[in-house]
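Student: Given next are the chains, with one letter for each unit.
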Amino acid sequence: MADTRQIRARKGPVTYLLRAFVIAYLAVLVIWPLFEVAKQTFAPADVGDEGGVGAFWERLSDPSVTYAFNLTVTVAFWAVVINTLFGVGISLLLVRYQFPGRRILSVLVDLPMSVSPVVVGLALVLAYSTGKGWFGEALASVGFYVIGTTPGLIMATAFVSLPLVIREIVPVLEEIGADAEMAAHSLGANGWQTFRRITLPSIKWAVVYGVVLSMARSLGEFGAVKIVSPGAEFRGETATLLIQNRYTNYEEPTAYAAAFVLVLASVLALVVVSLIRKEDHS
Amino acid sequence: MTDTLVAPPGPARRTSRSGGPFRLTPTSGVGLGVALVWFSILVLLPLAAVVGAAADGGFDRFWNTLTDAQTFAALRLTVVEALLVTAVNAVIGTIVAWVLVRDQFPGKRILDVVIDIPFALPTIVAGLVLLSLWGPESPMGINIVNTRQGIFLALLFVTLPFVVRTVQPVLIELDADVEEAAASLGASRVTTFRRIILPSLVPAIAAGSSLGFARAISEFGSLVLISGNTPYETEVASLKILKFLEGDNQAGAAAVAVLLLVVAIVTIVILDVISRRVARRG
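The listed protein sequences derive, respectively, from chains A and B.
Residue 256 in our numbering is what sits at position 256 of the first sequence, and the numbering runs on without skipping anything.
Residue 58 in our numbering is what sits at position 58 of the second sequence, and the numbering runs on without skipping anything.
For reference, chain A alone in the conformation it holds in the complex (with noise of 0.2 Å):
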């Protein structure tokens, strides 16, 4: 093996041209337009004005946008809740249960995260909205309308991530196998008991990482909302809406401000994410 080592660790002109190619590379496309970011986000929006944190936090303290904040972490929240239950659930039936069309459920699951979400929000709108889409109008004759409402956002929103918790359990459930389920089937455990004591505690890890993941998506969801949503300030303006919003408006300090905020999420889900992988591995 030494020599492989050698091998494979020879360092020729080549092996640095590539490494300041992939360096430079990476740093004019992402790394120096998220330093650019930041430094607007704490710039003073006109010469004369205060910038840095206080300038920050006043842009976000505005109450337009403490709404959009606070309707993307409502609709995030619902969507991941939904998310979670449906897909432990669905994860559970398809790897260790019988039933004819199991192969095409397993496919169709996985359909919505290549769907494009502008598909997503046409989709909703032609079935639910009144006046053009096929349930509509009943729905409204019972008084319940999704499009332009909270329920249509979380809907949207729980369309787009929906495979994000089913992909994390389903190898998960398949590499433990079912002899310890069946074992404390066969002792006389009911389904529930031998899904809190034995299903559960293997699967913990893999749920926590797909909430996260479907929390990071929810959170920056923006195709499929804005398509369904009326999107005006204080009726369904959403975090992701209101940046675009203002950028358009030409009020860019405060689109800068919330989009500064959905990049910290962003990457606390990258640190969070990379933490629980560590403590699934040891």
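I should point out that these hints are in silico values taken from the structure, not numbers from a laboratory.
Here a beta-carbon is modelled for each residue, glycine too, at the ideal position from N, C-alpha and C.
One or more hints might be untrue.
Said to hold, decoys possible - So the derived label-pair ranges between C-beta atoms look like this:
| no. | chain 1 | residue 1 | chain 2 | residue 2 | range |
| --- | --- | --- | --- | --- | --- |
| 1 | A | Val28 | B | Gly247 | 35 to 45 Å |
| 2 | B | Arg189 | A | Val28 | 40 to 50 Å |
| 3 | A | Ile176 | B | Glu173 | 16 to 26 Å |
| 4 | A | Ile176 | B | Pro231 | 50 to 60 Å |
| 5 | A | Ser61 | B | Glu246 | 55 to 65 Å |
| 6 | B | Glu173 | A | Arg197 | 28 to 38 Å |
| 7 | B | Ala55 | A | Val53 | 29 to 39 Å |
| 8 | A | Arg197 | B | Gly247 | 56 to 66 Å |
Mind docking chain B on chain A? Use the hints.
Tutor: For chain B alone, kept in the frame of chain A given last:
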């Protein structure tokens, strides 16, 4: 290092063919029923509504919508840009993965995390991040707003992780013995790479590229602020859907959406074929 911090961009690990050991009990049967009803309400019926709306006016109308000069220009631009970005990613993504696996230098772990950032950022924030460096107030003096180069850059940013993250694990697992043998038989480094390493990377590059292509075709959020949406010039498919919808032309929006759906499904099928072929080879 093998950790993929963000949702693994790879295809979902499909559930095994055989299915689980359990037959449906009344309780799990009810669970399956509830899950299927929710999945239909959230995903299947809305997607069916899109197909329904596209088919509403018959095939002629569907075809006329897509071949309308302005729509066709948008579709062509989308496909051309996506192909260009995919080609660049196939090469640069492989180089990045190579450097991250084979080279050792201080700060490498940071670069490894940087790869995930474009994936973790909300798409609208990704657009804003790019604008902060290449926008109207660019410190470089380069404004990419409403240019095709801008669309190219945005797509390059959001698809960065795909090829890197699919090639990386394969490079790590690559057997050193074969390379060693080739080198000891007098093969140059270029020959070793071309004849020994590259062939084993091709499936991973292909899988990463098709994921990136699918993402590029359907990208919306990061383009909203950058693409100026000028017909024939900088209008892409997803923004065309939004424009159709805002103009109350549901059939037009649905026609373009169906095309994007088909691309998504074809990608899933291609990935399934690739992953199965790789699995068979072991």
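Student: All the hints need checking, so say for each whether the structure fits it.
Tutor: A quick look at each hint next to the structure:
For Val28/A paired with Gly247/B, a C-beta distance near 38 Å keeps the hint of 35 to 45 Å intact. Checked against the hint of 40 to 50 Å, the C-beta distance between Arg189/B and Val28/A comes to roughly 28 Å, which is inconsistent with it. In this structure, Ile176/A and Glu173/B meet the distance hint of 16 to 26 Å, their C-beta atoms being roughly 23 Å apart. Judged by the Cβ atoms, the range 50 to 60 Å given for Ile176/A and Pro231/B holds: they are separated by roughly 55 Å.
With their beta carbons about 32 Å apart, Ser61/A and Glu246/B fall outside the hinted range of 55 to 65 Å. In this structure, Glu173/B and Arg197/A meet the distance hint of 28 to 38 Å, their C-beta atoms being roughly 36 Å apart. The beta-carbon spacing between Ala55/B and Val53/A, approximately 55 Å, falls outside the hinted interval of 29 to 39 Å. Remark: the range hint 56 to 66 Å for Arg197/A to Gly247/B is upheld by a beta-carbon distance near 57 Å.
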